[in-house]
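Based on the provided sequences and hints, a complete structural model is requested.
So the sequences go chain by chain: A and B.
Following the numbering used here, the numbering of the first sequence begins with 398 at its first residue and continues without gaps.
Following the numbering used here, the numbering of the second sequence begins with 643 at its first residue and continues without gaps.
Just to be clear, a hint being listed does not mean it is correct.
As the list claims (entries may be wrong) - Label pairs and their calculated CB-CB ranges:
hint, chain 1, residue 1, chain 2, residue 2, range
1, B, Asp878, A, Asn447, 26 to 32 Å
2, A, Gln631, B, Pro892, 33 to 39 Å
3, B, Arg856, A, Pro490, 17 to 23 Å
Stated by the list, open to error - Chain A residues, not near chain B, derived (Cβ > 10 Å throughout):
hint, residue
4, Arg449
5, Gly462
6, Arg627
FYI, nobody ran anything at the bench for these hints, they're computed from the structure.
For every residue, glycine included, the Cβ atom is placed at its ideal position computed from N, Cα and C.
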Amino acid sequence: MIIAVASGKGGTGKTTVSASLAQVWGAPVVAVDLDVEEPNLHLFLRPEINSRQQAWLEVPRVVEGACTACGACSELCQFKAISLLGDVLLTFPEMCHGCGGCLAVCPSGALTPDQRELGEILWGRAEGVGFLSGRLRVGEAMSPPLMRQVRQALAVLLADGGRDAIVDSPPGVSCPAVNAVMDADAILLVTEPTPFGLHDLALAREAFTPLGKPMAAVINRAGLGDDRVREFCQREGLPILAEIPFARRAAEAYARGQVLASVSDEYRDLFADLAQDLRRLAAGEPVRERVAAHA
Amino acid sequence: MPEIVVISGKGGTGKTSVTAALAHLADHPIICDLDVDAPDLHLLLQPRPWRQEEFRSGFEAAIDPLACQGCGECQVRCRYGAINPRGEIYAVDPLRCEGCKVCVHFCPAQAIAFNERHCGRWQISDTRLGVMVHAQLFPGQENSGRLVALLRQQAKELAKTRGQALIICDGAPGIGCPVISSLSGVDLAVAVCEPTPSGLHDLERVAQLCEHFRVPVAVIINKHDLSPDRTREIEDLCRLRRMPLVAQLPFDEAVVKAMLVGQTVTEYDHGPISQGLTQAWQAIQALTRDRRAA
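Here you go:
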């Protein structure tokens, strides 16, 4: 079972919720950081990293003297990563999406596979919780190729069915965000009761709906703004599984790098209930809202 | 004309609230929302659009079910797992399709169409604080970097035709394609960060990114009173990387209250956070002036 923790707006508490859920999950679980541009989960779970591997994307390299300047490769490439300037074939590896089209189409063996570094993949453990993370190389523009490789690594970890996964996703609603929730059995949207929170929650709901996966919401910093997020969820039939009250204590604990579920029994219970509800949600069973209990 | 972009690495540190306040404090700048994925600036500025354009970029493959012979060549060739069997033939999953055209090229039955993608919409609007260029990428779409470049180009043309001396941009979170696209050639990046482990970690990465693209960075610490220790660590990082620290803003509920009534926080009140932002704006102006003079 894979639970993706996502949001439209950044800074609503995805990492707080992901780290807390992983701690109280109560069954073998891997905490996965798919926010490869700005991975933060390790700052809270503090895993011991026991393996790391560089991640690469296949890009073309020109074989000196073999090109006949037929132009088939540059004609096929959609990303301006290879171009024929007169008789000279030039590659722009940082533009390449790694589709392999140029290598496949070249009739004269003038291209050979080379690699571009995307970043790295890390494996580790934190107090019984498995840990997997991608970390984009600074300067690399494309996060989806690295995310795909982290997802493949996760599939290997989950292959025998003995583990679940909590996936901390990047903010936003474009290709990286969709990439992060694609393999999930359920999506948990973390939001806050402000106009920005509401606007981006609506975008996230719209972006993820075509995937046809069960979705639910958690309202973080409840009590801070107004009631419109709650009204939106009710109107959209998006169950609110928890409201985390706005508290300076929580913000300060976060600033110290503490996992919220470990701050007090109250928070621990809140996340344990949330974990139970998420299991039901992912299994397609009905979930009851827990708004009143924690509001 | 100076172009300033507000970034953060980590999301939710207050980029949009800071951008809106700077736009208010400046004299009718050209305002640009480059967070095309989840834009929020319009919620504070209530833009009145006078130009609207569609954004089309890239392509996606579509298999004609009547022409497909079910050979599976496309599935073997696709490196994105975007082609799957559907009955005896194959179909493209548009969410996974990268638009590379490899399947189109190699299909022996020529059964795959290659359609342009309608990815979003962009607008130019009037607001009470200045002309605004903004967009909305449709949910789940890609090519945000190209849309960012397009918006910046529009903002520059507007600045030129209107004789406006300043462009202020709200950036996207992260360090990936839309952020890289928003940084090239800007005069100053203003990084808004919060005194938390994530805030510090992400500031460091975004500072490395700016260094990589030779863009000078000024830093604003938001909610500095949440953690004096982390604030000191950010101050140390700023010294180490020679990034001027232009303001330390306190945690202030005025930010959310202003948001609820659709105002910038500097319009809403003149409390501590507004004073901090005014000071930040003066320091930023001095920095861009010095840079121009140099």
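| task | List in ascending order the numbers of the hints, as given earlier, that are violated by the structure. | result | Violated: none.
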